[in-house]
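*Asks:* Listed below, chain by chain, are the residues.
Number of protein chains: 2
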Amino acid sequence: MKRYTEMTREELVSLQQQLTREFESTKAKGLSLDMSRGKPGADQLDISMGMMQVLADGAELKCETGVDCRNYGVIDGIPEAKRLLGAMSEVDPDHIIIYGNSSLNVMFDSIARSMTHGVMGNTPWCKLDKVKFLCPVPGYDRHFKITEFFGIEMINVPMSPEGPDMDMVEKLVSEDDSIKGIWCVPKYSNPQGYTYSKETVERFARLRPAAPDFRIYWDNAYSIHHLYDENQDFLVEILGECVKAGNPDIVYKFTSTSKVSFPGSGIAAVAASKANLEDFRKYMTIQTIGHDKLNQLRHVKFFKDLDGLHTHMRKHADLIRPKFEMVLETLEKELGGLGIGEWTKPHGGYFISFESMEGCAKAIVSKAKEAGVVMTGAGATYPYGKDPKDSNIRIAPTYPTIGELEQAAKIFVLCVKLISVEKLLAE
Amino acid sequence: MKRYTEMTREELVSLQQQLTREFESTKAKGLSLDMSRGKPGADQLDISMGMMQVLADGAELKCETGVDCRNYGVIDGIPEAKRLLGAMSEVDPDHIIIYGNSSLNVMFDSIARSMTHGVMGNTPWCKLDKVKFLCPVPGYDRHFKITEFFGIEMINVPMSPEGPDMDMVEKLVSEDDSIKGIWCVPKYSNPQGYTYSKETVERFARLRPAAPDFRIYWDNAYSIHHLYDENQDFLVEILGECVKAGNPDIVYKFTSTSKVSFPGSGIAAVAASKANLEDFRKYMTIQTIGHDKLNQLRHVKFFKDLDGLHTHMRKHADLIRPKFEMVLETLEKELGGLGIGEWTKPHGGYFISFESMEGCAKAIVSKAKEAGVVMTGAGATYPYGKDPKDSNIRIAPTYPTIGELEQAAKIFVLCVKLISVEKLLAE
Numbered sequence: 131m132k133r134y135t136e137m138t139r140e141e142l143v144s145l146q147q148q149l150t151r152e153f154e155s156t157k158a159k160g161l162s163l164d165m166s167r168g169k170p171g172a173d174q175l176d177i178s179m180g181m182m183q184v185l186a187d188g189a190e191l192k193c194e195t196g197v198d199c200r201n202y203g204v205i206d207g208i209p210e211a212k213r214l215l216g217a218m219s220e221v222d223p224d225h226i227i228i229y230g231n232s233s234l235n236v237m238f239d240s241i242a243r244s245m246t247h248g249v250m251g252n253t254p255w256c257k258l259d260k261v262k263f264l265c266p267v268p269g270y271d272r273h274f275k276i277t278e279f280f281g282i283e284m285i286n287v288p289m290s291p292e293g294p295d296m297d298m299v300e301k302l303v304s305e306d307d308s309i310k311g312i313w314c315v316p317k318y319s320n321p322q323g324y325t326y327s328k329e330t331v332e333r334f335a336r337l338r339p340a341a342p343d344f345r346i347y348w349d350n351a352y353s354i355h356h357l358y359d360e361n362q363d364f365l366v367e368i369l370g371e372c373v374k375a376g377n378p379d380i381v382y383k384f385t386s387t388s389k390v391s392f393p394g395s396g397i398a399a400v401a402a403s404k405a406n407l408e409d410f411r412k413y414m415t416i417q418t419i420g421h422d423k424l425n426q427l428r429h430v431k432f433f434k435d436l437d438g439l440h441t442h443m444r445k446h447a448d449l450i451r452p453k454f455e456m457v458l459e460t461l462e463k464e465l466g467g468l469g470i471g472e473w474t475k476p477h478g479g480y481f482i483s484f485e486s487m488e489g490c491a492k493a494i495v496s497k498a499k500e501a502g503v504v505m506t507g508a509g510a511t512y513p514y515g516k517d518p519k520d521s522n523i524r525i526a527p528t529y530p531t532i533g534e535l536e537q538a539a540k541i542f543v544l545c546v547k548l549i550s551v552e553k554l555l556a557e
Numbered sequence: 131m132k133r134y135t136e137m138t139r140e141e142l143v144s145l146q147q148q149l150t151r152e153f154e155s156t157k158a159k160g161l162s163l164d165m166s167r168g169k170p171g172a173d174q175l176d177i178s179m180g181m182m183q184v185l186a187d188g189a190e191l192k193c194e195t196g197v198d199c200r201n202y203g204v205i206d207g208i209p210e211a212k213r214l215l216g217a218m219s220e221v222d223p224d225h226i227i228i229y230g231n232s233s234l235n236v237m238f239d240s241i242a243r244s245m246t247h248g249v250m251g252n253t254p255w256c257k258l259d260k261v262k263f264l265c266p267v268p269g270y271d272r273h274f275k276i277t278e279f280f281g282i283e284m285i286n287v288p289m290s291p292e293g294p295d296m297d298m299v300e301k302l303v304s305e306d307d308s309i310k311g312i313w314c315v316p317k318y319s320n321p322q323g324y325t326y327s328k329e330t331v332e333r334f335a336r337l338r339p340a341a342p343d344f345r346i347y348w349d350n351a352y353s354i355h356h357l358y359d360e361n362q363d364f365l366v367e368i369l370g371e372c373v374k375a376g377n378p379d380i381v382y383k384f385t386s387t388s389k390v391s392f393p394g395s396g397i398a399a400v401a402a403s404k405a406n407l408e409d410f411r412k413y414m415t416i417q418t419i420g421h422d423k424l425n426q427l428r429h430v431k432f433f434k435d436l437d438g439l440h441t442h443m444r445k446h447a448d449l450i451r452p453k454f455e456m457v458l459e460t461l462e463k464e465l466g467g468l469g470i471g472e473w474t475k476p477h478g479g480y481f482i483s484f485e486s487m488e489g490c491a492k493a494i495v496s497k498a499k500e501a502g503v504v505m506t507g508a509g510a511t512y513p514y515g516k517d518p519k520d521s522n523i524r525i526a527p528t529y530p531t532i533g534e535l536e537q538a539a540k541i542f543v544l545c546v547k548l549i550s551v552e553k554l555l556a557e
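Top to bottom, those sequences are chains E and X. Per our numbering, the very first residue in the first sequence carries number 131; after that it's consecutive. Per our numbering, the very first residue in the second sequence carries number 131; after that it's consecutive.
Please note that a few of the clues may not be correct.
If several chains are the same, the list does not tell them apart, and a pair holds so long as it fits within one copy or across any two.
Taking lysine-lysine pairs in the BS3-like style, the calculated list, with each CA pair at most 25 Å apart, reads [said to hold, decoys possible]:
1. Lys374 to Lys519
2. Lys412 to Lys257
3. Lys412 to Lys431
4. Lys519 to Lys262
5. Lys445 to Lys192
6. Lys328 to Lys257
7. Lys275 to Lys257
8. Lys374 to Lys262
9. Lys516 to Lys412
10. Lys159 to Lys260
11. Lys404 to Lys275
12. Lys499 to Lys553
In short, the hints are calculated from the structure, not lab data.
Work out the full structure: start from the sequences and follow the hints.
*Replies:* Encoded structure:
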């Protein structure tokens, strides 16, 4: 197939007519498909059903220190849960706090805490004229929504397959003490599926920010979420790097089992230096009577250890790999060589990131919706929902069945073609 | 027995010698007993063990609107959980949001939200010079710790068996717009076990605070926690009263199943006007991916409805009533008529409140500890831990076994006697 940019006006008009006919007949089917959110499919949830059984039938409900998990007590997690999520986070259990059902909630609370109480004795952010966060883009919409909600100014930092532009990060944080943090999804990033390189992690660990209360929000949401046994990405463990760099307090590392066990019924954790954890504990001691220890125990009894987690994640991979491959094949087959889009080919995580021609993303998403396919809103992967080039679209292939996904992917590429032709004709 | 205050100095000295001997021999036993926290006993937790089974073995895991409770979705609670906690709160399910495992957490978040974002469009509290809360005393230590943590100035309001001193409440809130809230445990109050009278609730509903963002924090923690089937207290439902009084937005009503099912693994709820709930939702939509719906489902399947809850609470009552009665009998038998203490006789809840002679509470608690009995710290029932008369002691009879409790109660009354004699001798 000829590159669209090399077509004559006549060829484009004829193509537009053909694509429009295809679109109208697709639209007439009245489909309703959803590729919008990083949700596991029902078959993925089924593989954790054993968890419903592990506390039944006379199971031991005391944790290993003898505390009855059914009662009050233990503010920061039972030891065996710290060990499990410590292993998952590649961090010593002493550097772990176990939280409730959502790591996003912990990130939100960390920002809220910094607003009202400050970070490790520094001025509360609500007393400052200006607070800013760096936002590698494209990135995770819910991160950006948190900082926006607290009136924190967000600065875009471009992503590459190596991670955020570290020249820019280093320069900005060393010059501006109102920059208090950066949002990172360092492994199988949302939405591109990139994993930060060794050099990127080392440069993060060696940052010398002007603000003493600058923190890296390291959301390691997909740490064990590989698609392939062989073709895995490796991420250097950042807490250890920060210690080596004499910067032990600069990072908060978040994780959860949301896409390991059940979204909304998993357990979350933070790994950080002891000084940071002390800051977290001061807050949580007032905030809560403690998190759900029975659910902690449920996870420990079901997964047992890191091997158990990896075995389980292979089952997830077996279910979602065909979905990723099918979407990637469709993109390649239908759009390869046309010069109207590029996309990432992740080895793990939950997303494929698509870059359309400039100024086309909103129109493509809107066109897909017209034909019954819901995508993540164009712009959502940027702070304030503003993609400056209007080109990024996040594809979330996990939730639909493979049959639905096949239809959705075909509609998506059709919309990409149609909108691209319209764009070229309008130029 | 003669009143201690009517004894001669010689009688007191001789009594002191006798009590000291008793104390020393008790202390020599090296006991370790805990009457400090409102924790259910292990036998109480056993009655909820059926909850471990209800989601096992092929149970339906979709809520009644068809959402798979194992996946993301549903931010403010599944309908059947809203109905269950709505019934428990005597409020229409439309006025309910279901939260996570701790209503204290929701109260904390409400204060945090008011600090950074303000209440329904009003100025965020962190932008104000001064924010104050009214604190009926004695009250719940963890409420006071939240307001202290946010630097909110606390003003004591005396409690009576009818509830807080409403003359004082009305005067203060109408005059001072820096007063933004009041902490209330309106039924079987912590620690006195008092239930606010009809008149008190009506006066709350009719308050005309100077601050438009004043809210009543109505922590109905013990709404169905009766000790007796017959001798129950009745509390007027406040949301309805507030609507009647043209004051629909003035109250947040909190509840949870912490002392119904499992502390730390229960579910919590807020009931409030739709305008208030909108304020809550705006925050939680950014804060979390949603609460644990499987645990909501677990509660619904186990309790079914309000009848199921009441039946269950009768089992709790059967287990803890003998403990309350034993402590009350010990107090009456050992201290009745001595003029050195008074105590409440609650019909529900988790506590008995003891008033010693002025200036004796700290010494009594410390003496009890010497003999191996841990009580709630004296002063804890007052803001900043400062009981102006140093006289209130909270007794929590539920956690120890009846045998342990019997020993603990005896030691407690012995300490009351001993410290009171010392006090009288020092005068």
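*Asks:* Against this structure, judge whether each hint is valid.
*Replies:* Checked hints:
1. Neither within a single protomer nor between protomers do Lys374 and Lys519 lie at most 25 Å apart by alpha-carbon distance, with minima of 39 Å and 54 Å respectively.
2. For a Cα distance limit of 25 Å, the shortest separation of Lys412 from Lys257 qualifies both inside one copy, at 20 Å, and across copies, at 23 Å.
3. For the identical chains of this complex, Lys412 and Lys431 are neighbours neither inside a copy (29 Å) nor across copies (36 Å), given an alpha-carbon limit of 25 Å.
4. For the identical chains of this complex, Lys519 and Lys262 are intra-copy neighbours only, at 22 Å inside a copy versus 49 Å across copies, given an alpha-carbon limit of 25 Å.
5. Only between protomers do Lys445 and Lys192 lie at most 25 Å apart by alpha-carbon distance; the minimum there is 23 Å, versus 30 Å within a single protomer.
6. Taking the shortest alpha-carbon separations for Lys328 and Lys257, neither the intra-copy value of 37 Å nor the inter-copy value of 43 Å comes in at or below 25 Å.
7. When the C-alpha separation of Lys275 and Lys257 is checked against a cutoff of 25 Å, the pair qualifies both within a copy, at 21 Å, and between copies, at 22 Å.
8. Proximity of Lys374 to Lys262 under the C-alpha cut-off of 25 Å is found in neither arrangement, the shortest distances being 27 Å within a copy and 46 Å between copies.
9. In this assembly of identical chains, Lys516 and Lys412 lie within 25 Å of each other by CA distance solely across copies; the values are 21 Å between and 37 Å within a copy.
10. Within a single copy, Lys159 and Lys260 get their C-alpha atoms no closer than 51 Å, and across copies no closer than 62 Å, so neither meets the 25 Å cut-off.
11. In this assembly of identical chains, Lys404 and Lys275 lie within 25 Å of each other by CA distance solely across copies; the values are 24 Å between and 28 Å within a copy.
12. Taking the closest pair of Cα atoms, Lys499 and Lys553 come within 25 Å of each other only inside a single copy of the chain (18 Å); across copies the shortest separation is 80 Å, beyond that limit.
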